[in-house]
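Colleague: Chains as they are written, first to last, in this note's numbering: chain B, 1 to 191; chain H, 1 to 158.
None of these hints come from the bench; they were simulated from the model.
What you are looking at is a predicted structure, and each value in this text was computed from that prediction instead of being measured.
Each residue gets a CB set at the ideal place from its N, CA and C atoms; glycine is no exception.
Mixed in with the good hints, there may be bad ones.
Partner residues are not named here, just some residues of chain H that face chain B (Cβ under 10 Å, in silico) [said to hold, decoys possible]:
1) S28
2) Q41
3) L64
4) V66
5) Q108
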Amino acid sequence: MNGELADKSQLLSADITSVQKSSKSVYLNLLKNLNAKMIWIRVLSIPMLLGAFFTTGLLQYLLVGMFISYELGRMFMIRQIKKLPNYIDYSTVTKDMIAFQIKLINKALKIERIWAWFFGPFAGPLGYMAVLAFKYKTVDQIIMNNPNLLYVLLGLALLVFPINYLGNMMNKYAFAKDVERLSANLKELEG
Amino acid sequence: MEEQLFLKNINANKGIILKIVNLYADDSEDRKDLYQEIIYQAWKAVQGFKGEAKFSTWLYKISLNVSLTYLGKLKKHVKTFENISIPAYEMPKELSERSDRLYRAIRQLNEVDRGLIMLHLDGYDNASISEITGITKNNAGVKLYRIKQQLTDILNKK
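One chain only, chain B, in its complex shape (with noise of 0.2 Å):
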């Protein structure tokens, strides 16, 4: 029974096709949204800088800040991204396989969740103080304008928990279920 399926496809047609590069595994999917990611940091990046080239003052000081560490930031994650391996060798032992994937992709959420502490906090803060200092120029002029100025970045830079929960959560729905079914199959051959 088993030599029928084998027998009865004809895959040796003339047919050709090309292969495809995929991702497709949990890890290299993971792996590709973290570059992703990557590529958008210097997307938000390089607006920063275009605009200190425009403006001067305290806010080109902001812009210029920001830039260098959003770039500082994205440097440590491509040095982290880089240490993990962009290829899974499938020819090992399956139970080892499963146990590095799973091992990979802890690695690679654990990246991510840095990457969100290191800039959550700061996001929410130095893009209200770019505002102010566009509106008012000097920070003698946006601390008189705003007395509460300090709560409010306070308050900014605390937005980061919210942010960093749903971040989790979105990570979770994506994610949960593929290293659930990864950690199912490496008990089963665990016994």
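Keeping the supplied structure of chain B fixed, place chain H upon it in accordance with the hints.
Modeller: Structure of chain H alone, referenced to chain B:
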């Protein structure tokens, strides 16, 4: 391994890929994708193939491993990689009623058990199954016994 030799080996063992693909993918589109993914991963890993094991065993392992971590149709991110000519996937012709029933029953098992019973049906002993999957030899025996019981139950229900 050269491309021609690789393709020759793939062709000689195409049944393995097809069997696994039919057990793990739900529809023809998915099967085609999984088929390509297995060959792609085999091609990437083939330099590490030193001939210590049979090519068929090596390919079985890759096919199983890819299938067990395959995302399926919900998350496709495909782009053309390079022009390695491979035999196109073709839908298998219809199986006999008996075989079809068994395949349907196997598909109801969990993913790992599907692979284990398939290896067993293909004549791999417990030691070989242990080498491929990493499961212990004793556990393979116990699991296979349970799987057979499960399959009997499924087939008797129908």
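Colleague: Each hint: holds or not?
Modeller: Do the hints match the structure? See the list:
1. S28: Constraint on S28/H not satisfied, violated at 13 Å.
2. Q41: For Q41/H, the interface hint holds, since the closest Cβ of chain B sits about 5 Å away, which is under 10 Å.
3. L64: holds, 6 Å
4. V66: holds, 5 Å
5. Q108: Because about 15 Å separates Q108/H from the closest Cβ in chain B, which is outside the 10 Å limit, the hint is violated.
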